[in-house]
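Asks: This is what each chain is made of:
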Amino acid sequence: MRRLSRLQRSIDPLTDLPKRPSATESLCFSCRTRNQTARTASPFTTSTSHPARRSETGEVPLTERLRRKIWGTETPPGQDDPYSRLSENQQLAAQRRPRESSANQNTTGYEPATTWDGLESVGGFGHWWKENWDPAHKFQGFMPSERLDSRAALASALYRAVVEIFTLQGAGRPVSDVCNIRDDGVIGEYWRVQLDPSADGQTVAISYPNEHIRDDILKATIPSKPVEEVVEAEQEAESSHSTIPAASEQTSILEERVAAWGTQWFSIPLHDRSIKFTIIKRVMQLTGVRIPDPTIQHVNTLGALLNNLAAAPKPRKLADALFAHEEMASLPNVKLSEHRVTPIDKERDLGRWKLIERELRARGLPVTGHTSL
Amino acid sequence: MGSKYLLRPLRVLSGPGICPRIAGSARMQYHSPLTSRSITTETPSAGSNFTDTVSSTLFDSSPTTPTVLTTIYDFPTMEPLEFAEYPSNHLHLPLRRDILHKAVVYEGDMTRQGTASTKWRDDVHGSGRKLYPQKGTGRARAGDKKSPIRRGGGVAFGPKPRDFSTELPRKIYDLAWRTALSYRYRRGELLVVADGADIEYPKTRFVKQIFEKNHWGNADGRSLVVTESFRTNLFRALRHAGEEGRVLTTDQVDVKDLLELGRVIIERSALDSILREHQSDLLGGIRSVVAQQ
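Just so you know, the protein sequences line up as chains A and B, in that order. Everything in the first sequence is counted per UniProt numbering, starting at 1 for the first residue and increasing by one. Everything in the second sequence is counted per UniProt numbering, starting at 1 for the first residue and increasing by one.
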C-alpha cells in the first residue's frame with residue numbers, strides 16, 4: 001500500500017529551526033564534523049513544539065510574529081495557532097480536556113488506588129460457586145465430622161444412648177426412634193438416670209429421679225416434627241448452648257458424672273442384636289466415631305464397647321509410636337528423635353553449628369544441600 | 001506352583017446350596033436384656049425390628065461355618081441401616097501375603113500391553129549387497145548395511161510384541177480376592193453400603209465435601225468406591241477428584257485395586273457379586289488346592 005505523504009507546508013521549515021551556535025567553538029575536527037552531520041542529518045524534529053513551554057518563557061514564535069506583522073496588530077484574527085500541526089478539532093479537544101478533568105477532580109474527589117486491597121474483583125466464576133452454590137448444597141452426614149476423643153465424653157455419650165434406648169424400650173416404642181433426637185439440649189438430665197444391671201446380667205433396672213426426665217426423652221424421640229417446631233427447637237438449643245460452660249469445665253463435669261455412675265453399668269450385655277445395633281448407631285451419631293465391623297462383632301458388653309471407643313488411635317508416624325512406648329523412652333542408652341538425625345543435628349549438639357553456618361555464609365557457600373542440585 | 005499349597009487332604013464340600021439362607025429371625029438366638037424400671041412396671045424386651053438378610057443363597061459354605069457381621073450403611077450419609085452376616089470364609093480369612101502377591105503379579109502380567117517392537121536385520125528396509133570385498137581392503141570384513149553392528153542396521157535381540165500374561169490357578173486367584181476383602185474387613189476398612197449408591201449432584205466440589213466430612217479423602221489415605229453399575233453423578237464427580245479417591249464398577253475392579261487405597265466402600269450387591277464370582281475353591285465337587293479355613 002502506498003504511504004500517504006503529508007504535504008509539506010512552506011512555513012514548516014521555519015517553525016522548529018534550531019538556533020545557530022552563537023560563537024565558534026574550539027572543538028577538534030572530528031567533534032565538529034560529528035556535530036555538523038548531526039545537525040544536517042536532522043534539522044527538523046517530528047515532535048510538535050511545546051506551546052506550554054513557550055508560554056512559560058514568554059517567547060513569541062516566529063509564525064506569530066509574522067502574523068502580527070502581516071495584520072499590523074497584536075491580536076490577529078483567525079485561529080490561535082494556524083500553523084500548528086494539530087488539526088482544528090484536535091486543538092479544540094486539547095483546550096477542552098483540562099477543563100473537564102479539573103471539573104471531575106473538583107466534584108468527585110476521585111483518587112486512583114495504588115494497591116488492589118479493598119478493590120472489588122470483577123469477572124470469573126470461582127467466587128460464584130464458593131459463595132452461592134456451596135452454601136445451598138451442604139452435605140449433611142449422619143455422624144458429626146468432629147470426633148469426640150476424651151474418655152469422659154465418650155462414656156457420657158454411651159450412657160446417654162443406653163438411657164434413651166432403654167427408656168424407649170420400656171415405653172414400648174420402637175428403639176430405632178432414638179436417632180430422631182437431633183438436639184443436644186432437649187432431652188434433659190439423662191445423667192441422673194441410674195442403670196443397675198442384675199447380677200446375672202439378664203435384666204437392667206432403670207430408675208428415674210422423676211417422671212419429667214423420662215417424658216422429655218420420649219417427647220424428643222417423636223419422629224416427624226413440623227418445620228416450625230424444628231426451628232423453635234433449634235432456637236432453644238442455641239439458647240441452651242449459650243449457657244454451656246467452657247470446655248475445660250465441661251470436661252471436669254463429665255468426669256464427675258462418669259465417676260458417679262460407677263462401673264456397674266459396664267457389665268450390661270449386648271446380646272440382643274437390635275439393641276446392640278441401635279446403641280452402636282446412636283453412639284456413632286453422638287460421637288462421630290465409626291465403630292468398625294470386627295469390633296461390633298466381638299464386643300459383648302458396654303464396657304468393652306467403651307474401651308474400644310476410647311482406645312488411642314494407631315500412631316501414624318513411627319516416632320509417635322516410639323515416644324508412646326514407655327520402656328523405650330526410659331532406656332538410658334537410647335535417644336529418641338522426632339525426625340532423622342542429620343550431621344547438622346550432631347554439630348548443633350556440640351555447639352559448633354553456629355560457627356560453621358557463619359563461615360559458610362561468609363564464603364558464599366550453601367548452608368544446606370548442594371549447589372549442583 | 002500348586003504343589004506348595006497341597007498342604008493337607010482338603011475338605012470336600014458337600015455340594016451346592018449347603019449354606020442355609022441366613023435369615024434374621026432364624027438367628028435371633030440372643031435374648032434381650034429385660035429392662036425393669038423402678039417407677040413403672042417391668043417391660044418386655046423390644047420386638048426385633050432388625051432385618052438381616054444376606055441376599056444370596058449362593059454363598060455356599062458349611063452350615064457349621066461361623067459368620068461375621070457387617071454393617072450396611074446408607075451411602076453418602078453413612079447412616080447405619082442394618083447388620084448383615086457373611087460367611088467367615090468370605091470376609092474373615094487370615095491374611096496370606098503370598099497369595100495376594102501372586103494375584104497382584106498375575107494381574108500385572110495380564111495387564112501388560114506388550115507392544116514394544118524392533119526390527120531385526122531381515123525386517124529393515126534395504127539391500128543385501130555386500131558393502132565391499134571380503135579381502136584386500138585392509139578393513140574388517142562386512143556383509144550388508146543392515147547388520148546389527150552398523151548404524152541404521154537391525155536390532156539384535158530387541159523386543160517383539162508378545163503376551164506377558166502368566167497363569168494362576170483359578171482357586172488361588174479366587175482365594176486372593178476373598179483374602180483381600182478379608183484383610184480390609186479385619187482392619188475395619190471395608191464399608192458395605194446399601195444398593196444404589198449415588199450422590200445428589202454430579203459435582204466434584206460436592207463429592208469432595210462428602211469425602212472430607214466422612215474422613216475418606218486425601219488426608220485419610222483416599223478411598224475406593226465400588227458400585228455394581230455405572231452411576232452418573234458419582235462417576236462424573238469423582239472423575240476429577242482423583243486426589244480424594246477412585247470409583248470403579250464391579251467388572252473394572254481387581255485385587256490390586258482392593259489393596260491400594262485407604263479403605264474400600266463397596267455396594268452390597270457389588271460385594272455379593274464379587275464373592276459369588278470368586279468362590280470356586282469353596283464350591284463342592286471339586287477338590288481345593290489350598291487349605292480350607
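I should point out that these hints are in silico values taken from the structure, not numbers from a laboratory. These numbers were taken from a predicted model, which means no experiment stands behind them. Each residue gets a CB set at the ideal place from its N, CA and C atoms; glycine is no exception. Treat the hints with caution; some may be incorrect.
[As the list claims (entries may be wrong)] Per label pair, the in silico range of CB-to-CB distance: (1) Asn307/A <-> Pro94/B: 50 to 58 Å; (2) Val334/A <-> Glu212/B: 37 to 45 Å; (3) Asp117/A <-> Glu212/B: 24 to 32 Å.
Asks: Each hint needs a verdict: does it hold in this structure or not?
Replies: Each hint tested on the structure:
no.	hint	result
1	Asn307/A <-> Pro94/B: 50 to 58 Å	violated, 25 Å
2	Val334/A <-> Glu212/B: 37 to 45 Å	holds, 39 Å
3	Asp117/A <-> Glu212/B: 24 to 32 Å	holds, 31 Å
Comparing the model with each numbered hint stated earlier shows that hint 1 is the single one that does not hold.
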